[in-house]
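**Student:** Position chain B relative to chain A; hints supplied.
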Amino acid sequence: MTIADNSRNPDGLKGVQEIAHTADRALCIQGRDLQEMLVNAALGMNRLMTSSEPDAGAGRTVKTVEIEALDAEALLVSWLSELAFWAETAMLVFHRFDFKIVSPTRVRAEIHGRKAASIENHIKAVTYHHLAIVPTADGLSATVVFDV
Amino acid sequence: MVSARDIKKIGPFLFEISARFRPDMRVPARFFADDQLFESILNDRSLEQLINTATLPGVVSPVLAMPDMHQGYGFPIGGVAATALPDGAISPGGVGYDINCGVRLLASRLEIQELSPHLDDLASALQANCPSGVGKGGQVKLKPGELDELVEKGAGWALRRGFATETDLAHTEENGCLEGADASKISARARERGKDQVGTLGAGNHFIEVDVVERILEESIARRIGLFEGQAVVQIHCGSRGLGHQICTDYVNLFQKSIRKYGLTLPDRELVCAPFSSPEGQDYLAAMNAAANYAFANRQVLAFHIRRSFEQVLAGKTKNHQLFQIYDIAHNMAKVETHLIDDRRTQVCVHRKGATRAFGPGSEVLPVEYRDIGHPVLVPGSMGTASWVLVGTTGSMIQSFGSTCHGAGRTMSRHQAKKSVNGAHLRRQLEDRGIHIRAGSLSGLAEEAPAAYKDVDRVVDIVHGAGIAKKVARLTPVAVIKG
Numbered sequence: 153m154t155i156a157d158n159s160r161n162p163d164g165l166k167g168v169q170e171i172a173h174t175a176d177r178a179l180c181i182q183g184r185d186l187q188e189m190l191v192n193a194a195l196g197m198n199r200l201m202t203s204s205e206p207d208a209g210a211g212r213t214v215k216t217v218e219i220e221a222l223d224a225e226a227l228l229v230s231w232l233s234e235l236a237f238w239a240e241t242a243m244l245v246f247h248r249f250d251f252k253i254v255s256p257t258r259v260r261a262e263i264h265g266r267k268a269a270s271i272e273n274h275i276k277a278v279t280y281h282h283l284a285i286v287p288t289a290d291g292l293s294a295t296v297v298f299d300v
Numbered sequence: 224m225v226s227a228r229d230i231k232k233i234g235p236f237l238f239e240i241s242a243r244f245r246p247d248m249r250v251p252a253r254f255f256a257d258d259q260l261f262e263s264i265l266n267d268r269s270l271e272q273l274i275n276t277a278t279l280p281g282v283v284s285p286v287l288a289m290p291d292m293h294q295g296y297g298f299p300i301g302g303v304a305a306t307a308l309p310d311g312a313i314s315p316g317g318v319g320y321d322i323n324c325g326v327r328l329l330a331s332r333l334e335i336q337e338l339s340p341h342l343d344d345l346a347s348a349l350q351a352n353c354p355s356g357v358g359k360g361g362q363v364k365l366k367p368g369e370l371d372e373l374v375e376k377g378a379g380w381a382l383r384r385g386f387a388t389e390t391d392l393a394h395t396e397e398n399g400c401l402e403g404a405d406a407s408k409i410s411a412r413a414r415e416r417g418k419d420q421v422g423t424l425g426a427g428n429h430f431i432e433v434d435v436v437e438r439i440l441e442e443s444i445a446r447r448i449g450l451f452e453g454q455a456v457v458q459i460h461c462g463s464r465g466l467g468h469q470i471c472t473d474y475v476n477l478f479q480k481s482i483r484k485y486g487l488t489l490p491d492r493e494l495v496c497a498p499f500s501s502p503e504g505q506d507y508l509a510a511m512n513a514a515a516n517y518a519f520a521n522r523q524v525l526a527f528h529i530r531r532s533f534e535q536v537l538a539g540k541t542k543n544h545q546l547f548q549i550y551d552i553a554h555n556m557a558k559v560e561t562h563l564i565d566d567r568r569t570q571v572c573v574h575r576k577g578a579t580r581a582f583g584p585g586s587e588v589l590p591v592e593y594r595d596i597g598h599p600v601l602v603p604g605s606m607g608t609a610s611w612v613l614v615g616t617t618g619s620m621i622q623s624f625g626s627t628c629h630g631a632g633r634t635m636s637r638h639q640a641k642k643s644v645n646g647a648h649l650r651r652q653l654e655d656r657g658i659h660i661r662a663g664s665l666s667g668l669a670e671e672a673p674a675a676y677k678d679v680d681r682v683v684d685i686v687h688g689a690g691i692a693k694k695v696a697r698l699t700p701v702a703v704i705k706g
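In order, the protein sequence lines correspond to chains A and B. Numbering-wise (my numbering), the first sequence opens with residue 153 and increments by one. Numbering-wise (my numbering), the second sequence opens with residue 224 and increments by one.
Please keep in mind that the hints were generated in silico from the structure rather than gathered at the bench. A portion of the hints provided could be inaccurate.
If you want the footprint, here are the derived chain A segments under chain B, 3+ residues with CB under 8 Å [said to hold, decoys possible]: (1) 215-229; (2) 240-246.
Here are the computed distance ranges between Cβ atoms for each label pair [as the list claims (entries may be wrong)]: (3) A/L222 / B/R438: 26 to 34 Å; (4) B/G539 / A/V214: 52 to 60 Å; (5) A/R212 / B/S284: 30 to 38 Å.
The beta carbon of each residue, even a glycine, is placed where N, CA and C say it ideally should be.
So here's chain B without its partners, still in its complex pose:
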């Protein structure tokens, strides 16, 4: 069990556990925090899990966790680990069950006071048009064979079907499609779970949120991105739904055998892995990419329904309510990227589980309009609290394999949150603050209470202070729709 005396502070916001702490560690483990968050991090098993990731075959120094870290399974949530190619590990546990869970930010050119009289109607329209909860299928009916196209083309499928614009794709990580996705590598079960869920929100901590840009901190970058103070914007937080969950389940199961085949010893069954270049590793990569593409397509269809909702409610009442896309990013993914390691440009497989890519200025993979400023990084806070828009930095490329935080990070179990928070009371509190709430259940609302999460402002201050992302704008909610 790791304790405070095993941890060394190596920077204003950076702590390290030496690779000598445990004999099976191959590299050191580092995490970003301030002195106050440091104390809370010791309260769950997230550091133990971070140390476990340092045992992965082929892992490259160091493994990392972001300040929103908390206990997950296998990797901690907030964990980042890069493995060397060709034979370093690829691990489904380093991505998570909700492959390409991520966030999309859409923006209008409306001032919030123009939208306010219509918020209640808008919240109702969003809830009606964006299905959530178990048993609620999407409005998109796929033809036979079309799921294959969807998982192999991602947002490109949505463009063909008329759910997307070219700019939407350009402003999505990887243009909304990971190459190398292979529909034949996903199981019948995954197909069955995913075929009716396209354009659905899911439940848990997934949401659609209408926000106001409360404060701009970097005026010129905000202007370049398309943000201004007082602007009405919309976030979508959602992933690959049942298809992605099943793919992870299938490959975690399959890899239980792989570790025996390749003679691997791991401290946690959820860390099971295979060599990246092995048939099993490549099959998982192809299936994971398929799930990632499903998630890009899913968020794209939700964006289409959100645009439709705005049009339904606001046509003839406001101008400038059409929504354009700021960016769409993933926070559960494994990707092959090139990073500077020991002064050499090296290809590695970067696992981010509850962590977001944060590529800085100069990165060639970014759309032209973001190439000199870094791409937007979207960090949703807990329900009813703030969210943040940041940009990637050169510092993240140096310190964290181009990664930063993804959210606020839980501090309280769902079970405890339901016991200590009254859902109806919470709803009234949020509504008294002017936030319109549409939720599938009051217990689900209680589970997502702000008290169950870390302070997102603190988390963002840490990544900004550490130089692994730069604050641009703070958003606050005016309507929340959740399953």
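Bound-form chain A, shown alone:
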């Protein structure tokens, strides 16, 4: 299933809200299901990293992500860690996600992005701090803390 490109959502990012954490950055992420949560988490992290639009002159990059994890929380950490890795090492920011497999312990996806003109805020790591994916009336919710 292909998820629409959300890189130019003019109404702000739905399903993601930044919350206070003393030394680092934290997002509260919602989604109707795990797949939507992964998308919202990625887009939320993008928003933490950079306020600039993707470099329109840069070509589109496609990567394949394949993750196996112990549980859904570990999956979410590994997913975001993968995206943070590409941002740090190649200035790549991903806005479109084409999922082939999504389960609490496995993800396979093609991710589409471009080089960012700048990345103002460095994500050192994605942590497990108080991370629990919990069911809500509208789907799922989790808080993710990023070491910056």
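**Tutor:** Quick look at chain B alone, frame taken from chain A:
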């Protein structure tokens, strides 16, 4: 949830939560504070996290937090916990993602008034020569296989490459190299993140700062260390960059399985651990040491670039601008050390996360010139405020596994700081005070506003009053370079 009534004051600056507070605590939890800081400590989850560390397998009494403590993940920032060998826990969360984040202090023999006319040029040179921010690689290009040598030799690699002097190594904790580092225990991802970042500053709260020694409190110790009032000095605050961050990520992930394998129950996934002597524990130790060595090498290369910057700007204009090294210390690390526990010399694994080693007089591991006074302890304050040079004490060996504070400690989230502080206004305020600022972004500047931190003078007064470090000199900034 811990409240004031669960805490007992057991010394002028020492508080304790009994091991009976929660059934899974194995030892009491203690923290250093004064009555005013005590109130602010209750405002975040740092005490809850400190209590959690008291549940670690093999933990030795007590677990501790320094007065700059604040909420982290797993351990609180400012946390110290020792675990018994061979089978007590080793926990990546007890070290942190930025393995061997630490501070180096370099000193010139210049009076600050000799340097002042050149500060603006110097700040620009430092910013140009010491890359910071995402996507900015270092000037050092490693040959194939050279990263292995770097992580196994640390500052020794830098000496071979001509970035260091022998005195630099002698005046670095562990001579700038932890034995037992093993490059084969670090992942391809960690290598990829670290290979281009040698000699880079990073961002967040990392900085290079030119300071003046504003005040000397212990004249004879200051003279022995090489400090005098009015002197121009330079601090570097930086760690193991992406390589260290990835190593911690890798092993926190790996240890999620370890706790099931060893039948461990922990209150926080960021506290995951393995028995020290287990294959997993030893692999993490070897990888952590590799990251620590990367950080020592990184600060050494930055020191080289700083020396070069001084030479570029000041050659022919001043004399005595050559920089010598006072000391380099880590504040995120786990180390095997020998401490007196129940009157017996015992080897333990001491985790310090946002806490600094503070070994006192008589410690055999110190360089000869510091052995009778204790090694320098470097405590940077928040941007634009003071920093401190202290020395380790016998008191820290008795009370805190040879540990003391590491900085000012945050009180306000980055998110809140950006909302309540205008970066441009802050920059003007600092410049009006004569501090030359070079920053990667105004929002990054706002996040590091002094208002977001505790008062470092208060933090240092507490550790001095508690006897776990001794004040020697107060430094104030004249130039700040940050990512």
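**Student:** With reference to the structure, classify each hint as holding or not holding.
**Tutor:** Here is how each hint holds up against the structure:
no.	hint	in the structure
1	215-229	holds (count 4)
2	240-246	holds (count 3)
3	A/L222 / B/R438: 26 to 34 Å	violated (53 Å)
4	B/G539 / A/V214: 52 to 60 Å	holds (55 Å)
5	A/R212 / B/S284: 30 to 38 Å	violated (58 Å)
Hint violations for this structure: numbers 3, 5, all remaining hints satisfied.
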